[in-house]
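Number of protein chains: 2
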Amino acid sequence: MKELEKRIQADGRVLGKNILKVDSFLNHQIDPQLMQDMGKEFARFFADEGVTKILTIEASGIAPAVMAGLALDVPVVFGRKSKSQILTDDALTADVYSYTKQTTNQIRVDKRFLTADDRVLLIDDFLANGQALLGLKAIADQANASIVGSGIVIEKAFQQGRQNALDAGLTNVHSLARIAAFEDGQVLFVNEETE
Amino acid sequence: MKELEKRIQADGRVLGKNILKVDSFLNHQIDPQLMQDMGKEFARFFADEGVTKILTIEASGIAPAVMAGLALDVPVVFGRKSKSQILTDDALTADVYSYTKQTTNQIRVDKRFLTADDRVLLIDDFLANGQALLGLKAIADQANASIVGSGIVIEKAFQQGRQNALDAGLTNVHSLARIAAFEDGQVLFVNEETE
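Chains as they are written, first to last, in UniProt numbering: chain A, 1 to 195; chain B, 1 to 195.
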């Protein structure tokens, strides 16, 4: 998505070898118009999948997921993060390890909001190692819901996330911006024409 | 806002004397269309305030805030919650006590995203005791930003939040639904005509 790539190059900050900060428009300060455009792009891409529900994780997934839900006219459910590993009968849960923060969060979704009839679109802001996406998959699987695709805002294509997602059985993984590498503080995107 | 009141009466669940669960459309599962309608209503109400930025708190404030930001065409900043009380030079912080969870979270906003030139609209999902709203005010005050109003989705008008907000100097507090009481598991709204 050219609009997003341009925004990343204009306002993203590359820190060190591996970190991209997009907190000025995506995950701390939010540009609502960009979010809406991304939501429409997700809706366009997944238009034929019969999506009945979007599943994401708090907090940074909420804005793009809600805009995609608006465009697809389906409800959005966000998994809540918790440090405590409480087990209850009424929640679907998964443990998600964050390589960035080196902590494990449990994510929880109320059973009432995902069922075996649902055709679920997973949405998240980043795909790096894929841990969050696999956690969302585990939750949808517990509900016996069908996962029809995964929509990612920014993919670090030089990390293992996409492969880990495919290995786990996810298909139809679509990223709005795919980063090939960071070079001299600049962001290089995967050239889609040459893939 | 009649649409919201009807939705609360249809899908809200009153638990005990004092708790209203709206997790099927507001703060766990989200109805994107309702969020957009609420965002437009906030934008209509605060249209003449010259808002330059919306400030909210993760996670439940994000969806209504982003929709208001879309309608007002301004960026949205969400405060991040943290259990740790880390002080750094680059963050505006405030401690927020939750009566529901009986815990104190620090909320943090990067200094780059709020300045003395900003005219800030605070948005949150609930107003009960007002602690979150006062935390957002403290953060805006640290940036010497002007607060032009506060937009609340659901106000428990029988609690002290509004009075606490007014006592702290906040004005222009506008709630989309104002709950007068819970009676026999039913939600009674403040009758705006007789106020």
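Be careful, since some hints might not be right.
The list cannot tell twin chains apart, which means a pair is met if one copy fits it or any two copies do.
What the hints assert, rightly or not - Here are the simulated EDC-like cross-link-like pairs (lysine to aspartate or glutamate), alpha carbons at most 20 Å apart as the crow flies:
no.	residue 1	residue 2
1	40	73
2	6	37
3	111	11
4	17	183
Calculated from the structure, these hints are not laboratory results. The structure displayed is predicted, hence computed values, not measured ones.
Inset, instruction - Please write out, lowest number first, the hints stated earlier that are contradicted by the structure. - result: Going through the list in order, the structure violates no hint and respects every one.
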